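Go ahead and model the full structure; you've got the sequences and the hints to work with.
These protein sequence lines map, in sequence, to chains L and H.
Letter by letter, the first sequence follows residues 4 to 375 of my numbering.
Letter by letter, the second sequence follows residues 123 to 467 of my numbering.
Hints were generated in silico from the structure; no laboratory data involved.
Predicted model, so just to flag it, every value in this text is computed and none were measured.
It is possible that part of the hints are untrue.
[Said to hold, decoys possible] With a Cα cut of at most 25 Å, we get these calculated DSS-like pairs of lysine-lysine:
| no. | chain 1 | residue 1 | chain 2 | residue 2 |
| --- | --- | --- | --- | --- |
| 1 | L | Lys35 | H | Lys268 |
| 2 | L | Lys59 | L | Lys302 |
| 3 | H | Lys268 | L | Lys349 |
| 4 | L | Lys348 | H | Lys268 |
| 5 | L | Lys302 | L | Lys241 |
| 6 | L | Lys287 | L | Lys35 |
| 7 | L | Lys37 | H | Lys185 |
| 8 | L | Lys94 | L | Lys59 |
| 9 | L | Lys149 | L | Lys183 |
| 10 | L | Lys241 | L | Lys59 |
| 11 | L | Lys190 | L | Lys349 |
| 12 | L | Lys243 | L | Lys287 |
[Stated by the list, open to error] With beta-carbon atoms standing in for the labels, derived distance ranges:
| no. | chain 1 | residue 1 | chain 2 | residue 2 | range |
| --- | --- | --- | --- | --- | --- |
| 13 | L | Glu196 | H | Pro322 | 28 to 34 Å |
| 14 | H | Ser359 | L | Ile17 | 19 to 25 Å |
| 15 | H | Phe361 | L | Tyr309 | 57 to 63 Å |
| 16 | L | His54 | H | Pro173 | 44 to 50 Å |
| 17 | H | Tyr420 | L | Pro189 | 27 to 33 Å |
From the three backbone atoms N, C-alpha and C, an ideal C-beta is built for every residue, glycine too.
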Amino acid sequence: MSTRDDTLFDTSEITVSMGPQHPSTHGVLQVKLKLDGERVLDAECVIGYLHRGVEKLGEAQTYGQFVPTLDRMDYIAAVSNCLGYCETIEKLLGIQAPPRAQYIRVIMTELNRISSHLLWLGTHALDIGAMTVFLYAFREREEILKIFENYCGARLTTHMFRIGGTQYEIYEGFQDQARKFVQEFPKHVDEYETLLTENRIWIGRTRGVGVISAKDAIDLGVTGPTLRGSGVEWDLRKAKPYAAYSDFQFDIPTGETGDTYDRYMVRMEEMRQSTRIVAQGIEKIPDGPIMAKLSKIIKPPVGDIYHSIEAPKGELGYYIVSDGSTQAYRARVRPPSFVNLQALKKMVAGHMVADVVAIIGTLDIVLGEIDR
Amino acid sequence: MDFFIDYILIPLIKIAIIMAVVPGYVAVITLAERKVIAWMQVRLGPMRVGPWGVLQMVADPIKLLLKEDIIPARADRWVFIMAPVICLIPALVVLAVIPIGPSFEIFGRTVTMYVTDLNIGVLYVLSISSVGVLGIILGGWASNSKYPLLGALRSAAQMVSYEVALGFSIIGVLMLSGTLSLVSIVEAQKNAGWYVFLQPIGFILFFICGVAETNRAPFDLPEAESELVAGFHTEYSGFRFSLFFLAEYANMLTVAAMSVTLFLGGWLRPFPTVPALAFLDVVPGVVWFIGKVIVFLYFYLWFRASWPRYRYDQLMKLGWQFLLPISIANVIVTAILIVVLGDKG
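Next up, the structure:
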């Protein structure tokens, strides 16, 4: 750009406001782009359009009441939100959910991870212009949502678990339905891959786009598939096992270069691994109670606690300060999307407008979680 | 009287037919597009309006016509109003030279299946169709808005670079047939066979460039909805928007018809050089022509359902570094072969 002869033509940078109403900012994210023609010079994220004061609500509601509110954060992965919070409070109370509940939690959370990744895949591909993957992905997501609906009556904001275990026993035919799903799903993942993985346009649009090195990713606090795409093998399910994850066999896929294509491959493989976990879970789900012995009114002892789980988008952490009453003194959430979004500025620098869309897609953000 | 009938009445009727058929075709193909893509995507597509949603093609235009026509306050008013018209008129005018069938006799008069047979038909199509891009550029510019501007810039760059390769990809056919008239090109294929067998590379290049020229997936960058909201027509609504739409689909028809005329023998039956297949001539030429055009239009929809979108710089690279050199090489090789083999084909 330094070679440009400004005497001939008067050129100027233009500032384009991408969002908050834009088809592919995945909600109400606003990105202020400074453009030189099609090239992005700088990007600034503006967030807060979906702020609902979730953390403050956590101080006004009792521990039990707060759980359904959390479903509205990352509404794509409501089950993970629920699991993280319930485990945090259980830890604060010093109790543990019974093994059967733990297994139900793992199965449901992994199904939710698959559905979250499917939604990511569909929208990411749609952003890059491949329409059909979106509808294929939603076809399989529907099967998962049906399982959720049968289990707890809700499809999206499920409020699936309770502090101390789960509310509902698994329904009759659950195992058959889940088994059918895990048998068929890997074939569908292959199907998505036939549309994208070796497509020249897809490779062209994702290889070398939005590269983030392992060091940068760690420095920015990026977690989840975005971090693993850069080659860092960090997954809380293995690093700090929670729920019943230590009983399960699964691999952590990692990428090499940290570009959009690697993150795509990581998530595709994660879907297969999650299927593996679900398959193991439904075969060896133990008998027993689903709810720990717990007083009706939850009053944790005075103190504070931080607990985090591997949500589909990265590390989802809860920091709860208890003053010994029925409501939290402070309920802080560490949402993965919020932290991952920080990487956007670094990833888009020097790329083109079309890449910004691809990079927002590959970060897999949900604004409900960022703004809370 | 004869002069009046031959030179005014009959052409006017033909023009009226084109003007009536094209919007009708657009209505049908928009529904067909939704249905075909829906079928590829394991869903049903529009089902609510009429049986199997067939009345959707009536409902859509009605909706567009009844919508409020918004002109942004800061738009360049006259250019904004003219742009869709500039876009649409060339798209319709081009169809004048495309022969859709052999001439036939009616009331003792020979009637041709084209409005006019220009001796520079190919050049006419190329030049008129490239006027259409002006409408897109003006529309994007006049909107006085950033996304349309970006869309217009993309469109300008894209059309200019693909026009070159498009032109070169046809030259092989022109050398083989030795004429620029579309009717004569079809006639020449009667003896030489479909040119797609003699010019396979030229054919593929022509179709790729044609898809790029019409801004269709995977080259739909000027209106890339996930990047530029709606590209050059972001600020357009109602009927003006539908004119852009009409132009886009009419251009698709042009490219398909040109591909058929230049490479697939126009109204000729398959393998016109093989006498054994003469029984296929029972089917009228028009049917062959329309059938072939439908196949091409189907390809358009198929592309759209299967492929992601190119990026701006990749599109330029593909055009200049890949398609253009190959099309030039194709011209040279064809020329050498014609000289060496000594006859046309």
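Cross-check of the supplied hints:
{"no.": "1", "hint": "Lys35/L with Lys268/H", "result": "holds (13 Å)"}
{"no.": "2", "hint": "Lys59/L with Lys302/L", "result": "holds (18 Å)"}
{"no.": "3", "hint": "Lys268/H with Lys349/L", "result": "holds (24 Å)"}
{"no.": "4", "hint": "Lys348/L with Lys268/H", "result": "holds (21 Å)"}
{"no.": "5", "hint": "Lys302/L with Lys241/L", "result": "violated (31 Å)"}
{"no.": "6", "hint": "Lys287/L with Lys35/L", "result": "violated (51 Å)"}
{"no.": "7", "hint": "Lys37/L with Lys185/H", "result": "violated (37 Å)"}
{"no.": "8", "hint": "Lys94/L with Lys59/L", "result": "holds (21 Å)"}
{"no.": "9", "hint": "Lys149/L with Lys183/L", "result": "holds (13 Å)"}
{"no.": "10", "hint": "Lys241/L with Lys59/L", "result": "violated (32 Å)"}
{"no.": "11", "hint": "Lys190/L with Lys349/L", "result": "violated (36 Å)"}
{"no.": "12", "hint": "Lys243/L with Lys287/L", "result": "holds (22 Å)"}
{"no.": "13", "hint": "Glu196/L with Pro322/H: 28 to 34 Å", "result": "holds (30 Å)"}
{"no.": "14", "hint": "Ser359/H with Ile17/L: 19 to 25 Å", "result": "holds (24 Å)"}
{"no.": "15", "hint": "Phe361/H with Tyr309/L: 57 to 63 Å", "result": "holds (59 Å)"}
{"no.": "16", "hint": "His54/L with Pro173/H: 44 to 50 Å", "result": "holds (48 Å)"}
{"no.": "17", "hint": "Tyr420/H with Pro189/L: 27 to 33 Å", "result": "holds (32 Å)"}
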